[in-house]
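Engineer: Given next are the chains, with one letter for each unit.
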Amino acid sequence: MDHARHVFRIVLLVAIILAVVLLARGFLVPKSYGLYGRYRGASVAEQMNLRPPMHAGAAACADCHEDQAKKRTAGAHKNVSCEICHGPLGAHVKADGSVVKPPIDRSFTLCARCHRKIEGRPAKFPQVVLDQHVNGPVEGKVCLQCHDPHSPKP
Amino acid sequence: MSDCHDGCNGSRREFLSGTLKLAGGAVVTVIGGAALASSGGSDGAEASHPGGGEYDWNEHLWAYLVDTTKCIGCGSCVRACKAENEVPDGFFRTWIERYVVGMNDSHVDSPSGGMDGFPPVQVGFAATKSFFVPKICNHCRATPCTQVCPVGASYRTKDGAVLVDSDSCIGCGYCVQACPYGSRFIHPATHTASKCTWCYHRITKGLKPACVTVCPTQARQFGDLKKEGDPVRGTIEHERVQILQGHLLTEPQCYYTNLDKEVR
Chain G
60 MDHARHVFRI
70 VLLVAIILAV
80 VLLARGFLVP
90 KSYGLYGRYR
100 GASVAEQMNL
110 RPPMHAGAAA
120 CADCHEDQAK
130 KRTAGAHKNV
140 SCEICHGPLG
150 AHVKADGSVV
160 KPPIDRSFTL
170 CARCHRKIEG
180 RPAKFPQVVL
190 DQHVNGPVEG
200 KVCLQCHDPH
210 SPKP
Chain Z
667 MSDCHDGCNG
677 SRREFLSGTL
687 KLAGGAVVTV
697 IGGAALASSG
707 GSDGAEASHP
717 GGGEYDWNEH
727 LWAYLVDTTK
737 CIGCGSCVRA
747 CKAENEVPDG
757 FFRTWIERYV
767 VGMNDSHVDS
777 PSGGMDGFPP
787 VQVGFAATKS
797 FFVPKICNHC
807 RATPCTQVCP
817 VGASYRTKDG
827 AVLVDSDSCI
837 GCGYCVQACP
847 YGSRFIHPAT
857 HTASKCTWCY
867 HRITKGLKPA
877 CVTVCPTQAR
887 QFGDLKKEGD
897 PVRGTIEHER
907 VQILQGHLLT
917 EPQCYYTNLD
927 KEVR
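Taken in sequence, the protein lines are chains G and Z.
Counting from 60, one number per residue, gives the positions in the first sequence under the working numbering.
Counting from 667, one number per residue, gives the positions in the second sequence under the working numbering.
If you're looking for bench data, these hints aren't it; they were derived computationally from the structure.
Every residue gets a Cβ at the ideal spot worked out from N, C-alpha and C, and that includes glycine.
It cannot be assumed that every hint is accurate.
Claimed, not checked - Listed next, the stretches of chain G that the computed footprint assigns to chain Z, with coverage defined by at least 3 CB atoms under 8 Å from CB atoms of chain Z:
#	stretch
1	86–95
2	161–174
3	177–188
4	191–203
Said to hold, decoys possible - In silico DSS-like links for lysine-lysine, alpha-carbon gap of 30 Å or less:
#	chain 1	residue 1	chain 2	residue 2
5	G	K176	Z	K871
6	Z	K874	G	K160
7	Z	K795	G	K183
8	G	K176	Z	K893
9	G	K90	Z	K893
10	Z	K824	Z	K795
11	Z	K893	G	K153
12	Z	K736	G	K137
13	G	K160	Z	K824
14	G	K153	G	K130
15	G	K212	Z	K824
16	Z	K893	Z	K874
17	G	K90	Z	K927
18	G	K137	Z	K795
19	Z	K871	Z	K893
20	G	K137	Z	K824
21	G	K176	Z	K748
22	G	K160	G	K137
23	Z	K736	G	K200
24	G	K183	Z	K687
25	G	K129	Z	K687
26	G	K130	Z	K795
27	Z	K874	G	K137
28	Z	K893	G	K200
29	Z	K795	G	K212
30	G	K183	Z	K748
31	G	K137	Z	K748
32	Z	K748	G	K130
33	G	K183	Z	K874
34	G	K129	Z	K824
35	G	K153	Z	K795
36	Z	K795	Z	K893
37	G	K176	G	K153
Stated by the list, open to error - Counterexamples of contact, computed for chain G against chain Z with all Cβ distances above 10 Å:
#	residue
38	A101
39	M107
40	R110
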């Protein structure tokens, strides 16, 4: 019958398309897709272990640098994490245990970032109007010649 | 053609309707097969929580809290974020904005995202107040960025972080446009979407995000809404907190206290 042949052809065609779609899907859709939602489930664990944490917090620094830590926690910079000025611990002590000298920034900018009087800072935060500093205008001068960053006094 | 009008039309109609039915059937089969395949993909052991380690995402629901009155604009958070997450130059996962506001005018700046602090600024109007506003991805509950992703590369985890699967991302940039907070960018090296993850590699190990860890004034806080007695949860529960662009109904999970009307 002619009609039956037409139907057979179309059924065959649809079956081939279906098979190709399912096969392609098997290759293209990641294995863990749909595990937790409409995304690749394995991606979550990958994000958890993307890289080792770089910043460890001031307590970790105190393990080796007890004296500096004590001095700092007793002074006005007790809430200023070591890693703000010296960079992350992960860059100082590498995963294999090797030690790289951390940056010791003694520049004017180091202090000015927090303490230069500018628009925006809360009024009660200690700030220096550079032109009115006790020893005259101090713009660009090294604050650390007089002030100790680990235990600063006004 | 012209000598079999009626008969030919009749059989063509039958043929077309038959084809349509077959096509419909095929579509149902494909969808059913796909649903079966995806449900078959979840095999018991891994399904409860990813990684299979100590960290169980069912036990946490993270939230971020910013007190704008405490921010001094030092940019330590921006630098820490860069170092922690290898954020490429010129792009930011977190940044600080400075608002200088007068009665009729306002001025907003964020030089290098506030990474190197802020210089003094001259505005051409009488400023009456000024303040800093730290910004990050809001990790919205009804997040627009994941909704537009055509390949399922962007998603929200069960513990509340909005993440990008860079292996699946095709870099089309829809999510970058969809985010009303400007929190996403296309990474210049990988050409995939990149954004704040709340330092997912840290928070799943019991640490705080890098920006919160280094903030010297506790302007940035990070907490767990599922944990009794968590200070961030306490503030969100009992104090008056604000969100950015609430009219967009994205349900941000980055909360602010003491926000100004000028801040978007």
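Engineer: Run every hint past the structure and note whether it holds.
Structural biologist: The hints, checked one at a time:
Judged by the Cβ-Cβ criterion of 8 Å, the stretch 86–95 of chain G is covered by chain Z as claimed, because 8 of its residues qualify and three suffice. Coverage of the stretch 161–174 of chain G by chain Z holds in this model, with 4 residues showing a Cβ closer than 8 Å to a Cβ of that chain against a need of three. Requiring three or more residues with a Cβ within less than 8 Å of a Cβ of chain Z, the coverage given for the stretch 177–188 of chain G holds, as 6 such residues are present. Coverage of the stretch 191–203 of chain G by chain Z is violated in this model, with 0 residues showing a Cβ closer than 8 Å to a Cβ of that chain against a need of three.
Pair hint K176 of chain G plus K871 of chain Z does not hold up; C-alpha atoms about 38 Å apart against a cutoff of 30 Å. Of the pairs offered as hints, the one joining K874 of chain Z and K160 of chain G holds, with about 25 Å between alpha carbons and a cut-off of 30 Å not exceeded. For the proposed pair K795 of chain Z and K183 of chain G, the alpha carbon gap of about 14 Å is at most 30 Å, so the pair holds. For the given pair, K176 of chain G sits about 39 Å from K893 of chain Z by alpha-carbon distance, which is inconsistent with the 30 Å threshold.
Under the criterion of a C-alpha separation no larger than 30 Å, the hint pairing K90 of chain G with K893 of chain Z is inconsistent with the structure, at around 34 Å. Restraint check for K824 of chain Z and K795 of chain Z: the C-alpha separation of about 40 Å exceeds 30 Å, so the hint is violated. A C-alpha spacing of about 33 Å is found between K893 of chain Z and K153 of chain G, which places the hinted pair above 30 Å, so the restraint is violated. For the proposed pair K736 of chain Z and K137 of chain G, the alpha carbon gap of about 16 Å is at most 30 Å, so the pair holds.
This hinted pair does not check out: K160 of chain G and K824 of chain Z have alpha carbons roughly 40 Å apart, beyond 30 Å. Distance hint between K153 of chain G and K130 of chain G is fulfilled; the C-alpha atoms sit about 26 Å from each other, no more than 30 Å. In summary, the hint linking K212 of chain G to K824 of chain Z is not supported, as the alpha carbons are separated by about 47 Å, beyond the 30 Å threshold. For the given pair, K893 of chain Z sits about 15 Å from K874 of chain Z by alpha-carbon distance, which is consistent with the 30 Å threshold.
Between K90 of chain G and K927 of chain Z the alpha-carbon distance is near 47 Å, which puts this suggested pair outside the 30 Å criterion. At most 30 Å may separate the alpha-carbon atoms for a hinted pair to count; K137 of chain G and K795 of chain Z meet this at roughly 29 Å. A C-alpha spacing of about 16 Å is found between K871 of chain Z and K893 of chain Z, which places the hinted pair at or below 30 Å, so the restraint holds. With a CA separation close to 36 Å, the supplied pair K137 of chain G and K824 of chain Z exceeds the 30 Å bound.
For the proposed pair K176 of chain G and K748 of chain Z, the alpha carbon gap of about 26 Å is at most 30 Å, so the pair holds. Under the criterion of a C-alpha separation no larger than 30 Å, the hint pairing K160 of chain G with K137 of chain G is consistent with the structure, at around 23 Å. For the given pair, K736 of chain Z sits about 27 Å from K200 of chain G by alpha-carbon distance, which is consistent with the 30 Å threshold. Among the hinted pairs, K183 of chain G with K687 of chain Z is inconsistent with the structure: their alpha-carbon atoms are about 76 Å apart, more than 30 Å.
Proposed proximity of K129 of chain G and K687 of chain Z is contradicted: the alpha carbons are some 80 Å apart, above 30 Å. Our distance criterion of 30 Å between C-alpha atoms is broken by K130 of chain G and K795 of chain Z, whose separation comes to about 36 Å. In summary, the hint linking K874 of chain Z to K137 of chain G is supported, as the alpha carbons are separated by about 18 Å, within the 30 Å threshold. For the hint linking K893 of chain Z to K200 of chain G, the alpha-carbon distance of about 48 Å lies beyond 30 Å, and the restraint is violated.
Between K795 of chain Z and K212 of chain G the alpha-carbon distance is near 28 Å, which keeps this suggested pair within the 30 Å criterion. A threshold of 30 Å between alpha carbons decides the hint, and for K183 of chain G with K748 of chain Z the separation of about 29 Å falls inside it, so the pair holds. Note on K137 of chain G and K748 of chain Z: the hinted pairing holds, with a Cα-Cα distance of about 24 Å set against a maximum of 30 Å. For the proposed pair K748 of chain Z and K130 of chain G, the alpha carbon gap of about 28 Å is at most 30 Å, so the pair holds.
A threshold of 30 Å between alpha carbons decides the hint, and for K183 of chain G with K874 of chain Z the separation of about 27 Å falls inside it, so the pair holds. For the given pair, K129 of chain G sits about 40 Å from K824 of chain Z by alpha-carbon distance, which is inconsistent with the 30 Å threshold. Among the hinted pairs, K153 of chain G with K795 of chain Z is inconsistent with the structure: their alpha-carbon atoms are about 45 Å apart, more than 30 Å. For the hint linking K795 of chain Z to K893 of chain Z, the alpha-carbon distance of about 37 Å lies beyond 30 Å, and the restraint is violated.
Among the hinted pairs, K176 of chain G with K153 of chain G is inconsistent with the structure: their alpha-carbon atoms are about 37 Å apart, more than 30 Å. Listed as a non-interface residue, A101 of chain G fails to keep its Cβ farther than 10 Å from every Cβ of chain Z; the least gap is roughly 8 Å. Separation of M107 of chain G from chain Z is inadequate, the least Cβ-Cβ distance of about 4 Å not exceeding the 10 Å criterion. Residue-level check failed: R110 of chain G sits 6 Å from the nearest beta carbon of chain Z, not beyond 10 Å.
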